[in-house]
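Listed below are the residues making up each chain.
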Amino acid sequence: MDGGIDIHMGSYGVYVYGSYALMLLVVIGNWLSARRHERRAQRQVKARLTRAHRP
Amino acid sequence: MALWTWFHRLASPPSCFRVAKTLQPWFWVPALVLLGYGLFTGLFIAPKDYQQGDAYRIIYIHAPSAWLSLLAYSTMAIASAIAIIWRIKLGHALAAALAPIGASFTVLCLVTGSLWGRPMWGAYWAWDARLTSELILLFLYAGYMALRAAFDELERADRTSAILAMVGLINVPVIHYSVVWWNSLHQGSTVIRAAGPAMPSSMLVPLLACFVGFTLLLAYFACIRLRAEILLRERAASWLNELLETT
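Those protein sequence lines, which keep their order, are chains A and B.
Residues 1 to 55 in the numbering used here are what the first sequence lists, from first letter to last.
Residues 56 to 302 in the numbering used here are what the second sequence lists, from first letter to last.
What the hints contain is simulated information worked out from the structure, not anything from laboratory work.
Simulated crosslink set (SDA-like; lysine to any residue; CA at most 25 angstroms straight-line): (1) K46(A) x K144(B); (2) K76(B) x L49(A); (3) K144(B) x S293(B); (4) K76(B) x A47(A); (5) K103(B) x Q242(B); (6) K76(B) x V88(B); (7) K144(B) x P155(B); (8) K46(A) x V74(B); (9) K103(B) x L24(A); (10) K144(B) x L271(B); (11) K46(A) x T77(B); (12) K46(A) x R290(B); (13) K103(B) x V14(A); (14) K103(B) x G251(B); (15) K46(A) x N296(B); (16) K46(A) x L287(B); (17) K103(B) x Y17(A); (18) K144(B) x S33(A); (19) K76(B) x V26(A); (20) K76(B) x T50(A); (21) K46(A) x W294(B); (22) K144(B) x Q44(A); (23) K76(B) x R40(A).
Full structure from sequences and hints, please.
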């Protein structure tokens, strides 16, 4: 087969699909980690703001 | 002069905070479109390689992640240098924001390289110049993050880690030229060559889409992390309190 993929890829499948799966993990992990970092920073700033406004 | 003024204005935390927020959708939407096209075409439509068969399809992940590992580190080092020379604190914030992203893509590059190496070379790892220098890059990222975490005082953490980032920049050209300078097991450059890319357009176009898509994705993640870094560093600043009170 010249064009396109042999969907099973023989013995290569595990390496190719493994790479794509790992890429997805890294992208999703990066996104979740960045959002968590952002939310933590927002919480800290808001907590500080609340303390500053406390009578 | 106008450029210098613009640069200084952008380097102020309130401007950068707002610009980063505005730019976010301009990064992630095209990134998803380009990556969707590039990865799907690379995996299902591009023809097989005449030597490597389907195993070459790992290039659509491996090469862009290698590019991101170098791009993130170079940007970190330049941002650190700007922060040290011109005392622009935002440079430290940008470097700190990029480090975990760059490290994760370096891991992706090394692991996908191993997964590609096993069927092609018969081994997951070889102490080859390209592989070893890329591993050193991962250690530099790890060292940078560990150094930052080791100091309680932010200013000292910024200064010390910035020096490491700048010194480590010497490894970037070593990684790039390792396949030229040494007799490497790793294949030479496929895309950026004097004689033109060594790939047909049916393979090259999705690869270029992946390069641009991954770069935009890096920019998107960097924007989110940079905004968080600014929030943490500027939490006592009046502009931030005003901004949060109005939102």
